[in-house]
Amino acid sequence: MLSPDEFFEPVEDWERDTEYIAMENKSFGRDVWSRFCRNRRALFGLVCLTAVVVLAIFGPMVSPYPYDGMDVAVKNQGSSIAHWFGTDQFGRDTFTRVLYGARISLMIGFVATAINLVIGVLYGGIAGYVGGFADMVLMRIVDIIYAVPAMVYMILLMLLLGSNVYSVMIGICVSGWINMARIVRSQVISLKEQEFSVAAFVMGASTRRILFRHLLINSLGPIIVSVTLMIPQAIFTEAFLSFIGIGISAPMASLGTLAQDAKMQLEIYPMQMIWPVAVICLVIFSLNFMGEGLEEALNPKGKR
Amino acid sequence: MVKYIVKRIGIGLLTLFVLVTVTFFLTRMMPGSPFDIANLTPANQEKMISFYGLDRPLTEQYVQYLGNLFHGDFGVSFKKAGVTVNDLIASLAPATMKLGAISYGVSLILGTALGIWMAVTRQDLVKGSILTFSTFGVSVPNFVLALLLMLVFGVYLNWFPVLGLSTPRHYVLPVITQSVYPIAQISRLVKTSYTEAMSQDYVVMARAKGLKGSRISLLHILKNAMIPVITTSGPMIAFLLTGSFVVENIFTIPGIGREFVNAVSNRDYTVVMGLTVFMGILIIVCNLAADLVCVLVDPRIKMAE
Chain A
176 MLSPDEFFEP
186 VEDWERDTEY
196 IAMENKSFGR
206 DVWSRFCRNR
216 RALFGLVCLT
226 AVVVLAIFGP
236 MVSPYPYDGM
246 DVAVKNQGSS
256 IAHWFGTDQF
266 GRDTFTRVLY
276 GARISLMIGF
286 VATAINLVIG
296 VLYGGIAGYV
306 GGFADMVLMR
316 IVDIIYAVPA
326 MVYMILLMLL
336 LGSNVYSVMI
346 GICVSGWINM
356 ARIVRSQVIS
366 LKEQEFSVAA
376 FVMGASTRRI
386 LFRHLLINSL
396 GPIIVSVTLM
406 IPQAIFTEAF
416 LSFIGIGISA
426 PMASLGTLAQ
436 DAKMQLEIYP
446 MQMIWPVAVI
456 CLVIFSLNFM
466 GEGLEEALNP
476 KGKR
Chain B
12 MVKYIVKRIG
22 IGLLTLFVLV
32 TVTFFLTRMM
42 PGSPFDIANL
52 TPANQEKMIS
62 FYGLDRPLTE
72 QYVQYLGNLF
82 HGDFGVSFKK
92 AGVTVNDLIA
102 SLAPATMKLG
112 AISYGVSLIL
122 GTALGIWMAV
132 TRQDLVKGSI
142 LTFSTFGVSV
152 PNFVLALLLM
162 LVFGVYLNWF
172 PVLGLSTPRH
182 YVLPVITQSV
192 YPIAQISRLV
202 KTSYTEAMSQ
212 DYVVMARAKG
222 LKGSRISLLH
232 ILKNAMIPVI
242 TTSGPMIAFL
252 LTGSFVVENI
262 FTIPGIGREF
272 VNAVSNRDYT
282 VVMGLTVFMG
292 ILIIVCNLAA
302 DLVCVLVDPR
312 IKMAE
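Chains as they are written, first to last, in the working numbering: chain A, 176 to 479; chain B, 12 to 316.
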């Protein structure tokens, strides 16, 4: 006859701890970051964008050439050690001008998006939270602005305000916030019926607190994703306006202006066109890849 | 149903009214006069201004413009003597519309095909490459694409002509330029909605009944998957119209986009306003048509309204 001791083994100490978590506890931010890093294309986008931003900020400072310094002796040159990207028809250093142009294009992209973000979030948040008649009126206004190609308004505004950085930004902000407002509104509408916001209301939280601390914080995912898609849109719009000749004008340079300048001699000196255009594509590409990566990282349950 | 249509038309008309008003006042507020030309004496300038009624109060001009618009009269060009905006639109619209229609047709067919392919394939390589292509498609600005195509296929390889629209071969490069972005967008939309529709109960039901695979995918899945595509046709047409500003300039096509940019730099108010209103009407009508088609295809939408 065997004693019970021979049937059973004593449980070791660590096995008693049923609450034991094998994985390190991750915060939401670190979780998103690790999912983002797993997406190689998104990571590639982040690296490229960082490189362009750093170059655009510090490049013109350390470059030996000013962005508008003309030198007839060296016009229309190809790449060389002195001029990495060659020179344009006035002998301006293309490398410096491309970096300077990238600086202006990126600045317009980021600032215009920031303004659109604020307008869109407030507008959509208020429409969604208040609801009823106000929501109806606000959304009809959105429909009306949305129904007309934004580019038409933008071109008229540019002519009215003159060609400079600020009028391009204002032009982009005329209708750039519409998508953001729609996204925030639909988020707020679906979130405000959920238990946590009802609970906050019952506990007497103020409207502002509910809207900002509960509803908008919980819509942060879609907001971030749509911001990463708004920046390339703004950069594209600026380049488009400058390219058709009503955006930013020489001697200032944005990437679109550079492409427009190079168009005249495209068949003789195609490289003058290729550099700025390559940088535009790189920036927009990187931001779009990052947007896709963030969308996946912030919404792991979503279908791929 | 009737109530829904009336509501939609009402919103469309309101949009048009706002568009006309905003355009009118924006163009009138612009610095510089259309008759600010070097070889025109001040006396003659004033004559011109009073001839076109630009010296009258703004509100009176506005009311008159609205009244003329009601009769379908867009006014007379300030710059091209004796040319009415209606004639201008009649002579320019066909080129733009033909190009736009062909581009949209191509994008619908290719975009839907790529979208379905992405949804049904199990090969990550195919999925990945189509997805990369579509990111490429939404990332490359249309003027960049137009110039690259012109440089490579028009100038270096000399495969396609790059000036005007006189033969079918002339359409190739402009149509490619105009369709890449819509193809990318449509393929993404179709991929998402097709994947969603594939797992619906009615598809399982159709399979259980033993229907043929092709019949299921065309009649049951695709019909439902196309709704977001129809809804975005309004923005797509807006995209094609604004795209025409650049494409028609680069490929020297006599169309609305090219004329609009020219009129803007010439300060030809009536042409700018006429073309803006015309484009607005096109887009509003397309949006309306898209909404109605959606309701016809999918009665569930009407219920939600």
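Some hints here could point you the wrong way.
Covered, in the sense of this in silico footprint (three residues per stretch, anywhere, with C-beta under 8 Å from a C-beta of chain B), are these stretches of chain A [to be verified]: (1) 403 to 415; (2) 440 to 447; (3) 457 to 467.
These aren't lab readings, by the way, just hints derived from the structure by calculation.
Yeah, the Cβ is synthetic: ideal placement off N, Cα and C, and Gly gets one too.
Now the hints, each set against the structure:
Here the stretch 403 to 415 of chain A counts 4 residues with a CB under 8 Å from a CB of chain B, which clears the bar of 3, and the coverage holds. Figure legend: the stretch 440 to 447 of chain A, annotated as covered by chain B; annotation consistent (3 residues with Cβ-Cβ distances under 8 Å, at least 3 required). Coverage of a stretch by a chain is defined here by at least three residues with a beta carbon nearer than 8 Å to that chain's beta carbons; for the stretch 457 to 467 of chain A and chain B the count is 5, and the condition holds.
No hint from the list above goes unmet by this structure.
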